[in-house]
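Asks: Chain by chain, the residues run as shown.
There are 2 protein chains.
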Amino acid sequence: MDRVLGIDIGGTSIKVGLFSMEGTLEAVTKSPTGEIVSEAAFAIVTNGLKALLAENGGTPDEVVAVGLDVPGPVDDNGKVGMLANIELDPDGLQAAIKHAFPNANLAFVNDANAAALGELWQGTAKDAQSFVLIALGTGVGAGVVTGGKLVAGAFGAGGEIGHVTVNRAETESCGCGRKGCLEQYASAKGVVRIYKQECARLGIEPVKLDGPTDTLSVFEAYRAGDEAAKKAIAQMCDYLGYAMAQVSVVVDPAAYLIGGGVGGGFKLFAEALRTSYRSYCLSPSASTRILPASLGNDAAMYGCAFQALSERK
Amino acid sequence: MDRVLGIDIGGTSIKVGLFSMEGTLEAVTKSPTGEIVSEAAFAIVTNGLKALLAENGGTPDEVVAVGLDVPGPVDDNGKVGMLANIELDPDGLQAAIKHAFPNANLAFVNDANAAALGELWQGTAKDAQSFVLIALGTGVGAGVVTGGKLVAGAFGAGGEIGHVTVNRAETESCGCGRKGCLEQYASAKGVVRIYKQECARLGIEPVKLDGPTDTLSVFEAYRAGDEAAKKAIAQMCDYLGYAMAQVSVVVDPAAYLIGGGVGGGFKLFAEALRTSYRSYCLSPSASTRILPASLGNDAAMYGCAFQALSERK
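If you read the protein sequences in the order shown, they are chains A and B. Under this note's numbering, the letters of the first sequence match residues -8 to 304, in that order. Under this note's numbering, the letters of the second sequence match residues -8 to 304, in that order.
The following block holds chain A by itself, in its conformation from the complex (with noise of 0.2 Å):
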């Protein structure tokens, strides 16, 4: 029975799908992601991928496509640029998978371009031909459908609306060497950074707060009346809607999903981010659907096992 498998690496671990041929999750495994560089390594994870096969009742053979989704730019011909967060080789990896599962096509995807086609293959946007997924997690990642089709971009920055640039006045810098990129107010950081800022100026007290990404805290704190945790959201609403009318000029999706941790506080913000939205966009584009994605943190394990089956010849 054929099979396919999609490959989650993130910073912190490896998530591992396995999938039917029409997008049914039969299994997951988990395990901490060490360094990708060696034999020894790649050995370790195509071994782990085959137990899990077995324990499915499957064989290597039956494997005929196997997607990877990275945190970091992957380009419109599946090639893997500069990775910062994770020790990978990504061509030696490939070979050993490809060894591994002789039947297999492989494909690389960036993991916010990976959600967008999990959402498209099993989530909220199943069969849609135009939509934009916003990930907003540790920073916000994006992936953007049109056609049906995933726009990776000539140079892998396809989607990358985290570094729309939304605040021309802003005065400290963005991870990409920028300033005012959207990634600075409506990525997990970026609303507790705002938070402790409103926190201050108004001098009030910040709730405790579990890390610097810990929007969960925030999200109560609104629902408690906390007023700096309301400008807070405001202010990520005010220019998440406004990047996203910027968006709308350029490929003018049907939808925009909202996923990545963040965006489990959607029901909380979802009327201010509408409301934002039409204020900033041009007017055909005022009935454009915002909604949840909803296939959470497993999204990207799906799209990049996708995108592994549709590109196979």
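By construction, these hints were calculated from the structure, which means they are not laboratory data. Since the structure is predicted, the reported quantities are computational estimates derived from the model, not experimental observations. Hints are all accurate, no fakes.
As the list makes no split between identical chains, a pair holds if one copy fits it or if it spans any two.
Straight-line Cα separation of at most 27 Å, DSS-like style, residue types lysine-lysine; simulated pairs:
| hint | residue 1 | residue 2 |
| --- | --- | --- |
| 1 | 70 | 41 |
| 2 | 70 | 140 |
| 3 | 41 | 6 |
| 4 | 21 | 89 |
| 5 | 170 | 222 |
| 6 | 140 | 117 |
| 7 | 258 | 222 |
| 8 | 21 | 117 |
Place chain B on chain A using the hints.
Replies: Leaving out everything else, chain B in the frame of chain A:
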């Protein structure tokens, strides 16, 4: 012999091109744009098309595709939206053309999108997979091509790059009702507007201008060392490069093609534009090519013909 027609419906004239299947332009006619809302008006158009064919040894049966480009939104499904500058009943004209050319596939395309497709078929972007054509004309239009396909948009606003917000501090309104759009600085009207503002600010007498869109005279003044003209062109390049950097984080094209009337001055401002773009773009996209378009005012006529031909089942 199979033939293709491309009909460029502009605010002042209708231009028709007769093409071979391979994209060779065999003949062109041009007539003033009247109101195209009655059977009598439709007949004038279809009779003109038939006459053009007959003059070139063709018959209506040989026409396999007819493209029409219009100065307004056309969505992903080919549906024409509101046309502000012409009186046209698209459904009526479509029915009349279909009746006159029973073997033809028909397609409506937005004018800037058509220009992009024209460059893809027979111009600078021949066989390119991803590029953005920016037409700097009376307004600023654009056509976005990814994966070799046009991105028209769910609401026909794909490529409305003239409405990327580049200056949130602008006090004058754009034609779209919003403020600080690229079009307010980089269209022919915008360049002349900024030139006059700079003349006033610097206490310089403006050169003689032939109307509110006479960028040719501003370019001449620039060549003659006029300080206000230098400022206006610098401002245009600054905002245009900034807007292109925003576009690149969405679709990350391999190239930008600069067309339209203002684009005729490409050599004069190309280096300033490239420098501006590189100063604003996300680093992976720093090698995006910035090139002049090559088909001039015929680009849209080529492009709508190409679209009608491509869509043919």
